[in-house]
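Going by this note's numbering, 269 is the number at position 269 of the sequence shown; the sequence numbering is gapless.
These are computed hints drawn from the structure, not numbers from a lab.
The structure presented is a predicted model; accordingly, all values stated were derived computationally and were not measured.
There could be a bad hint or two in this list.
[Claimed, not checked] Lysine-lysine pairs mimicking DSSO-like chemistry, simulated, CA-CA at most 27 Å apart:
{"#": "1", "residue 1": "K609", "residue 2": "K643"}
{"#": "2", "residue 1": "K499", "residue 2": "K566"}
{"#": "3", "residue 1": "K526", "residue 2": "K499"}
{"#": "4", "residue 1": "K977", "residue 2": "K901"}
{"#": "5", "residue 1": "K643", "residue 2": "K474"}
{"#": "6", "residue 1": "K491", "residue 2": "K643"}
{"#": "7", "residue 1": "K537", "residue 2": "K491"}
{"#": "8", "residue 1": "K624", "residue 2": "K643"}
{"#": "9", "residue 1": "K344", "residue 2": "K425"}
{"#": "10", "residue 1": "K312", "residue 2": "K1025"}
{"#": "11", "residue 1": "K499", "residue 2": "K534"}
{"#": "12", "residue 1": "K491", "residue 2": "K577"}
{"#": "13", "residue 1": "K344", "residue 2": "K499"}
{"#": "14", "residue 1": "K95", "residue 2": "K53"}
{"#": "15", "residue 1": "K997", "residue 2": "K847"}
{"#": "16", "residue 1": "K95", "residue 2": "K69"}
{"#": "17", "residue 1": "K896", "residue 2": "K883"}
{"#": "18", "residue 1": "K609", "residue 2": "K534"}
{"#": "19", "residue 1": "K69", "residue 2": "K53"}
{"#": "20", "residue 1": "K503", "residue 2": "K526"}
{"#": "21", "residue 1": "K344", "residue 2": "K537"}
{"#": "22", "residue 1": "K883", "residue 2": "K847"}
{"#": "23", "residue 1": "K563", "residue 2": "K537"}
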Amino acid sequence: MSAGIMAGNGFQTSYANDKPPSSTGSGEAAEMSTDPASSSFFTSDFKRHEDLKAMLDSNKDTQKLEAMKRIIGMVAKGKDASDLFPAVVKNVVSKNLEIKKLVYVYLTRYAEEQQDLALLSISTFQRALRDPNQLIRASALRVLSSIRVSVITPIMMLAIKEAVMDMSPYVRKTAAHAIPKLYSLDPEVKDQLIEVIERLLGDKTTLVAGSAIQAFEEVCPERIDLIHKNYRKLCNLLVDVEEWGQVVIINMLTRYSRTQFISPNQADGPGDADRPFYEDSDKEEEEEEVSEMKKTPYMMDHDHRLLLRQAKPLLNSRNAAVVMAVGQLYHHCAPKSEGNVMAKALIRLLRSQKEIQYVVLSNVATMTSRRKGMFEPHLKSFYIRSSDPLHIKLLKLEILTNLATESNISTILREFQTYVTSPDKDFAAATIQAIGRCASNIAEVTDTCLNGLVHLMSNRDESVVAESVVVIKKLLQMRKSGHKHTPSEHKDIIVHMAKMVDKITVPMARASILWLIGEYSERVPKIAPDVLRKMAKGFINEEDIVKLQILNLAAKLCITNAKQCKLLCQYVFNLAKYDQNYDIRDRSRFLRQLILPGENGSALAKYAKKIFLATKPAPVLESKFKDRDHYQLGTLSHLLNIKCHGYQELPEWPEVAPDTSVRNVEVVMPYVPKAHHVQHKKKKESKSFYSESESSQEEETEDSSDEEEDESSDEDSGSEENSDDSEKDISKKVSSEEESDSDDDESDSEDSSEEDSSDDSVEKIVTPVKKQPKTKTKAATTTKPTTSSADLLLDLDDLGPSSGSSVAVTPAGGNMLTPTLATGISNISIQDTPPAQIIPPSIVQAKSYELLNRMTGNGLSITYQFTRTVSVFSPKMVSIELKLTNNSDDTLTSIKIGDKKLQSGMEIQEFPEIGSMTAGMSTTCLIGINFNDTIQPAKFAICVGDNKYSVSITAPVGELIQPYSMSNAEFNTQQGKLSGMNENSGKTVIGVEKDAKSICLCVHSVANVIQVPGSAENVYRFSGKTVGTGTMVLMSVVVADDNAKITVNCEKMVIGSMLLKDLKTSIAKS
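Given only the sequences and the hints, what does the whole structure look like? Please build it.
Below is the structure:
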C-alpha cells in the first residue's frame, strides 16, 4: 500500500484521501462510496486519511516527509486536517529537520483548536526553544504562543524573555509577534511585556524594528516615552526595514510627530474650506493670532525634518501601502508647501488594481477637499474611463468636482457633458449632482450650468431628467437666498418644469417640482392652481414624499390665492386625513389648524404667511469627504467614515513644543589622550562662546588621524592650526573640509547609532552663526593675506548663499583664488557660472493699473505697477509700487492697509502707515504680495481715517515669474523633462518687425524672463522661475516666414496655457 502511494505525486494523490477505502477492492464500489446519495457514504466503517496516518506512523523518514507535504498541501487548499493532529504531534520529536519544520507549521495552524493534545507536547516545545537551528527555535515559540490556554502564560512569558535575548534576529522578530498574542490572552502581564518591548525597541536590526513597533502599537501605544530615545534610530532605519514594517513605523511616527512637534502650518491662515461663513465675527481673534504668529516665526525642529527627509524616498516604493503611508505622513505632518511631493507618487498608484485605486482615490478625495492646488496639475489623471467600475467612477467624479476652479472649470464641464450620456444611470445622475456642485461653488458658471441642466430635462432617460430637476431646484433656492432677483427671473424654468409633472414618475423629482411651484407661486399665479388640481386628482396613488409636498403646495396656495384654491386645499386635507401613513395624517391635521382655523381661530393662523413663505436656508452642496479629515488617512476608519475597533485618534498639534532633549541619546565616546591638552590650548588662543560640551566634541579630533578629522563637524579648528607652512596646505584643507561638509549633510541621518545625532544636528544649525567671530580672530593674528582670503570665503560658505539673490563678493586684499581652492569650494555662491544666478529683468516700460479711483476714494487715488525687482520683504513675494495721490482739498490722515481676504497660501506685506497727506500731495510706497503662483486676486481694504475702501490686485501671469539664467544645453534638458502635459504650443502671424529686438521686446512685455544665449538663428529662447514656488518656466519662439511658433513649458498647466495666450496676443499685435 505504501509503495503504491509513494509512486505518485503527493499533492495529486491527496485527492484520494477523501475517498473511503473500498471493502471489495473494486473500482465500482469505490465510485459508489463517493456518491452522496449512496448509503455507503454514511456507514460507520468510513475512515478518513487512514493512509496518511499509516505513513506518519512509519519508521521511514521519507514516508513521514511525504505525508507531511500532503497534509500541508491540504491545509493550504483550505481542507480540514484537524483529525490528523494526534498523528502529527507525535512527530514533533523527529530528528529530521524538514519533518520538524512541517510539523511546526501544522501545529501553528491547529494548536488553538486542539489545545489538550498540544499541551501534552509543551515540554518538547520548550526543548526546541534551545535548538541550534534558528528556524526551529522560532517555530517552537510560534506554536507555543498559538496555544490559547491561560495556564501556560508563565511558560510563554519565560519563552518570550529568552527569545528577546536570542542571537538570531529572526527569533527576536518572532518574539515580537508573540507579544500581542500573550497580551490578548492575559492583559495582566502588560507591565512585564512593556519591559520586553522596551528592549526590542532598542534593537538595531532592521528585521526586528517593524515587528517591535507593531507590538508596541497593540500593547502600549500610549507609552510615547519609549519612543523618545529610539526616534532617530527608527527614522534612519526606515529605508531598510521590510515593507510592512515601514507602514507600521510611519503610522506610529505620524502620531508621535503630532504630539512632540508644533504645527508647521501654524503661520498659514485658514484655507478656503476652513474659513467661517461669517468672517467678520472672528476678525478680531484672527488679527490677534496673526500678530502673535508674526512675533514668533516658525522654525521646524530638526527631528521633524529628519522624519520627512527619511520618508521621502519611500514614495518610490513598489508597495502601495508604503506610498500611502508616506502620503498620509506628509498630509498630516508636513508643511503645506511640501505636500506636492506626494502627488505624483499617488497618481502612479492609480495604475494598480481596482482595489488599490479605490483606497488611493478615497484618500485623494479627502486631500482635494482641503488642498486643491496639490493635484490640480494632474487633472487629466482623474478623467473617467469606460472600463472603470462604478465605485471608481464616483470617486474620480468627486475629485474632479473638488479640483474645479475658475481656470479649469470649462475643461471639467466639457468632460461632464460626456459623462451625462453614459448608459450607467447611477453614474449619469452623480454627474448631474457634480455639475450642480460646480455651479454652486463657482459663481461665474452658475448660469451656464443652469441652462445646461434645463436642456437635460428634455433627455429621453427619465433618471437624468429627474436628477436634473432636483439639482435645478437646489440651484434656484441658493440663488434666491444669495441675491436679489426680479419676480420674473427663472419663470420660464418653473413653467417648463410644471409642464413636465405628468411625464416624470420619479418621486423625488415630482416632489422637487411641487416644492418649486409652491415656493415661487407668485411668479406663476395661473399655473400653480392647475398643478394642484392635477395632483389632488391622483393624490391617493402618489408616493409619501410627493403627498407631503402636495400638502405643502395646497397650504401655500391657500395663503397666497385663497379665492381659487381654498376648496382644493380642503379636499386635499380631507384625503390626507385618512391616509395610511401617520406622517401624512399628522401633517394634514397640523396644516388644517394653521391654514383653515375655523370659528375658534388659532394664535398662529395670522402668522401663517411668515411661517410658510419665509426665506428658506439654501441647501449646502459640499463634498461628502470634507468631514473625513479628522480620521488618519490610509486607515479603515477613514475609508468607512466610522471609528473602527483598534483605531487610535490622531492627536492635535501642541501649542508649545515639548522638550527636545528627551530624544538625545548618551553615547560613550572612546578616550583620546591628547584631547584634554588640546582643549586648554584652544581656550587660550581664542575665546569662543561655544558650550563646554560642544567645544570638547570639536577639539577631540584635532590631533587624531585623518579619518577622524573628516568626520568631525568643526573643520576650522583642525585646519587652521596646521596651515601656517604653505598656501598649498591651506588649499588641501579647504577642499577636504568642503567634502566633509557635504558628506555630513548627506549622511547625518545614518550615524545616529554611533554618536549623538541631536548634538550633531544642533551643531549644524548653530555653527554658521558661531564660526564668524572665531574666524575673524584667526584672521587678525595671521600674517599671510592669502590665508585671510580663504577664511573670509569659508565664512561666506558657512553662512550660505541667499535664496533670493546672489551677491558677488571680492576677496579681501584683492588676491585671486588659486585653482585648487576654486575647485575645493565649487558650491560657494561666488561662482561665475550663470545657472544658479537670478538675472535682473530687462528694461521694459512698466504698465500702471488703477487700484482706487478718486471718486470712489473720496479724493484719494491709488495706482500700482509691478517693479520686476526682487522684493525686499521676501523672495517669494512680487514687488509692487503704489502711488497715492490726494486729489481732494482736505488733508487725509492715517492711511494704511486694513482687513485682508486672501486665498490659501497668499500673503501681503503691508506698507508703513502714512500719517497724513495734504491736498495735492503724492507719495509712493512698496508692498509685497505672495500670490502663491495663482492669478487669484489679492483682496484687502485701504483704510483712510475711519473710512474703508475694498480693493484688489490681480497679477498678470507674466509678473508671477522672475528671470533665471541657464545655458542652451540646460534649456534642452529641462524642456525634455517638461514635455507632454506640461507643454503648450501654438502658432500666430507676426504683426511686428521680425528682428530679434522686436521679438524679445514682445516677450519681455508679457513676462519677466531672460533670454537664453547661444540659440539658433530665428530661434529665441527665454527662461524663468515662478516667484512663489520656483517652478521652471521655459519659452521658445521660432520665426519662420510670417509665422511664429510659440512653445511654453511649465509644470503648472494654468500658467503655461495663459502665458501662451498672452504671448500670441503680444506678437500678433500690429
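So, going through the hints one by one against the coordinates:
1. K609 to K643: violated, 45 Å
2. K499 to K566: Cα-Cα ~23 Å, so holds.
3. K526 to K499: Given pair K526, K499 holds - Cα atoms ~13 Å apart, limit 27 Å.
4. K977 to K901: It is violated: about 37 Å lies between the C-alpha atoms, which goes past 27 Å.
5. K643 to K474: violated, 32 Å
6. K491 to K643: violated, 47 Å
7. K537 to K491: holds, 25 Å
8. K624 to K643: Holds, because 16 Å separates the two Cα atoms, which is no more than 27 Å.
9. K344 to K425: violated, 32 Å
10. K312 to K1025: Measuring from Cα to Cα gives roughly 24 Å; hence the hint holds.
11. K499 to K534: Holds: K499 and K534 sit about 11 Å apart, inside 27 Å.
12. K491 to K577: violated, 33 Å
13. K344 to K499: violated, 50 Å
14. K95 to K53: This hinted pair holds, its Cα atoms lying about 19 Å apart.
15. K997 to K847: holds, 20 Å
16. K95 to K69: Roughly 17 Å between the alpha carbons, so the hint for K95 and K69 holds.
17. K896 to K883: holds, 13 Å
18. K609 to K534: holds, 24 Å
19. K69 to K53: Status holds; Cα separation ~13 Å.
20. K503 to K526: With a Cα-Cα distance of about 20 Å, the restraint between K503 and K526 holds, given a limit of 27 Å.
21. K344 to K537: Between K344 and K537 the Cα gap is close to 60 Å, so the pair fails against 27 Å, i.e. violated.
22. K883 to K847: holds, 13 Å
23. K563 to K537: holds, 19 Å
Violated hints, listed in ascending order, are 1, 4, 5, 6, 9, 12, 13, 21; each of the other numbered hints is respected by the structure.
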